[in-house]
Amino acid sequence: MSKECPFYAAIDLGSNSFHMLIVRELSGSIQTIAKVKRKVRLAAGLGADDTLDNAAMVRGWQCLSLFAEQLRDIPDEQIKIVATATLRRASNAREFLAQAEKILGHKIRIISGETEAKIIYRGVAHTSSGSGKRLVIDIGGASTELVIGEQSEALLLNSLDLGCVTWLKRFFQEQLSQANFDAAIAAAQQVINPVISDYRRLGWQSSVGASGTIQALSEVITAQGMDERITYQKLKTIQQQVIACGHLEHLNIVGLEEERKPVFASGLAILIALFESLQIKSLTLAGGALREGLVYSLLSQEETSSVRTRTADSFVKRHRIDRPHAQRVASCALAMAKQLTPSLSNRALSLLKWAAMFHEVGLNIEFKRAPQHAAYIIDHSDLPGFTSAQKHLVSNLLLNQRGEWQAPLLEQQHALPTSEAQILARLLRIAIIVCMRRTEDSVPKITLLQTGLDWRLCFPPTWNEQHPLRAAELELEAEVQRQAGYPLEIIEALC
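Each residue of the sequence shown is one higher than the one before, counting from 0 in numbering that gives the first Met the number 0.
Since the hints were made in silico from the structure, they are not lab data. Some hints could be false.
[Stated by the list, open to error] 25 Å max Cα-Cα, derived DSS-like pairs, lysine-lysine:
id	residue 1	residue 2
1	Lys260	Lys36
2	Lys132	Lys36
3	Lys132	Lys352
4	Lys316	Lys337
5	Lys106	Lys36
6	Lys260	Lys235
7	Lys337	Lys233
8	Lys101	Lys34
9	Lys280	Lys36
10	Lys316	Lys367
11	Lys260	Lys38
12	Lys367	Lys132
13	Lys38	Lys168
14	Lys233	Lys280
15	Lys168	Lys260
16	Lys352	Lys444
17	Lys106	Lys34
18	Lys352	Lys390
[What the hints assert, rightly or not] Okay, the calculated beta carbon distance ranges per label pair:
id	residue 1	residue 2	range
19	Ser342	Pro443	14 to 24 Å
20	Leu468	Ala406	24 to 34 Å
21	Thr114	Thr438	24 to 34 Å
22	Asn363	Arg71	31 to 41 Å
23	Gly402	Glu68	42 to 52 Å
24	Leu468	Gln326	14 to 24 Å
A virtual CB, placed ideally from N, CA and C, is assigned to each residue, including glycine.
Full structure from sequences and hints, please.
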């Protein structure tokens, strides 16, 4: 990294939007300095003869005139600018690029669909958690990228000739009807069908979606009170809401941003086609895609640990969290969690661990309102590897780490079922008290005896007498949990 200029820039000239991302490296992680997006709708200006009309080119040049200012002080070797599907296809792309490069003062590279898919996967791999093979979907304005990869390696990739802007022009110019959706889905499946067998043969364990269409859908389903995982049933529910609006100009559903409305139905139809053709069970929103992939290629960071681990390491260091103590609380909470029947999901156990690791971040501001400060910091931090819903659950757990039991916080999150979120809160609160001496040898072995929601914590004989403060705090906590409807008893015995 340049010592004189620590900043890096990535610009993506997409078919629907132009994006600019400016970052710097900080404590082993990436800090976003600026994000600028403009809806250029370049693909809307592509004629039947593949000529880009003047109006679309002018929209693009005007946008790049805004971006140019931010690039002035960043060296050439720390900037990457790429163009995707529409400019791959446009017969007069060189005319557009000549003026665009003059405006920016930098070269623009038109990348192939395969290269675009590789870069998208790199961006996902560096910003989204996951293990095993994962399917990555990125629905752009004029192309859709499908990738199966594992860790940082893309194993199978394709760039398909369908996108939310081109499908808007073909199927959703005005009317939003079942017939329009049926036609759009069928046409998308014709494009998808030739590659289906390759993807099914290789298989995958999880699915993530990147960029605008998936982000808009994620925002809609969480705004409507559903959990963050996008499923086929949720897509069909949203489809019926869209059809009920009748016309594009009347499209108005809960959670849908104004700027996304023109291409929402077309992107939704493409995603439904992908779910049906590939028999996708569910997917979540990725933390990054093309622009992030470009940035990480500039930084040449090796993926030597999981995304969440790298994020957590950077977060703990930046916020001066007492790492040994945080790890002690996490170990205590997880040890109790593993005694529960039925077992918590791996997703829940992972989020419990990170909530414990981050629980003292608010102490940097003050002790009295540390839980409130911690919740705010988590909710408003860029944490690659954590979805928005997962961040919000961790935030709510930290807000609920001591004092009055706040049930609505656990009911209003969308990362886990409410029952699991409540269990995480119970475990975290208990572990924080048990570990309050802040030394390794002061943490006792605890046996958790369970009958439904009724818990009994079994401590070694005479532990209460030898540790009166923690024993008193645990009794107070037991009363808080009992009043909230979660019976908790503290006992001493040879369990």
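Structure-based check of all given hints:
For the given pair, Lys260 sits about 16 Å from Lys36 by alpha-carbon distance, which is consistent with the 25 Å threshold. A C-alpha spacing of about 31 Å is found between Lys132 and Lys36, which places the hinted pair above 25 Å, so the restraint is violated. Taken as a hint, the Lys132 and Lys352 pair is honoured in the structure, with Cα atoms around 23 Å apart against an allowance of 25 Å. As the CA atoms of Lys316 and Lys337 are separated by approximately 28 Å, the hinted pair breaks the 25 Å bound.
A distance of roughly 20 Å separates the Cα atoms of Lys106 and Lys36; the hinted pair therefore holds under the 25 Å criterion. In summary, the hint linking Lys260 to Lys235 is supported, as the alpha carbons are separated by about 17 Å, within the 25 Å threshold. A threshold of 25 Å between alpha carbons decides the hint, and for Lys337 with Lys233 the separation of about 32 Å lies outside it, so the pair is violated. Among the hinted pairs, Lys101 with Lys34 is consistent with the structure: their alpha-carbon atoms are about 22 Å apart, no more than 25 Å.
Taken as a hint, the Lys280 and Lys36 pair is broken in the structure, with Cα atoms around 31 Å apart against an allowance of 25 Å. For the suggested pair Lys316 and Lys367, the alpha carbons sit about 22 Å apart, so the restraint of at most 25 Å is met. Our distance criterion of 25 Å between C-alpha atoms is met by Lys260 and Lys38, whose separation comes to about 12 Å. For the hint linking Lys367 to Lys132, the alpha-carbon distance of about 45 Å lies beyond 25 Å, and the restraint is violated.
The hinted pair formed by Lys38 and Lys168 meets the criterion: a straight-line CA distance of about 16 Å does not exceed 25 Å. About 11 Å separates the Cα atoms of Lys233 and Lys280, which keeps this hinted pair within 25 Å; it holds. A hinted pair counts as satisfied when its Cα atoms are at most 25 Å apart, and Lys168 with Lys260 qualifies at roughly 14 Å. Restraint check for Lys352 and Lys444: the C-alpha separation of about 18 Å stays at or below 25 Å, so the hint holds.
Under the criterion of a C-alpha separation no larger than 25 Å, the hint pairing Lys106 with Lys34 is consistent with the structure, at around 20 Å. Of the supplied pair hints, the one linking Lys352 and Lys390 holds, its CA atoms being roughly 13 Å apart against a limit of 25 Å. About 23 Å separates the C-beta atoms of Ser342 and Pro443, a value consistent with the hinted range of 14 to 24 Å. A C-beta distance of roughly 27 Å is found between Leu468 and Ala406, which places it inside the suggested range of 24 to 34 Å.
Taking the beta carbon of each, Thr114 and Thr438 are about 54 Å apart, not inside 24 to 34 Å as hinted. The given range of 31 to 41 Å is respected by Asn363 and Arg71, whose C-beta atoms sit roughly 35 Å from each other. As the Cβ distance of Gly402 to Glu68 is approximately 48 Å, the hint placing it in 42 to 52 Å holds. Here the CB-CB span from Leu468 to Gln326 is close to 22 Å, well matched to the stated 14 to 24 Å.
When the structure is compared with the earlier hints, violations turn up for hints 2, 4, 7, 9, 12, 21 and for no others.
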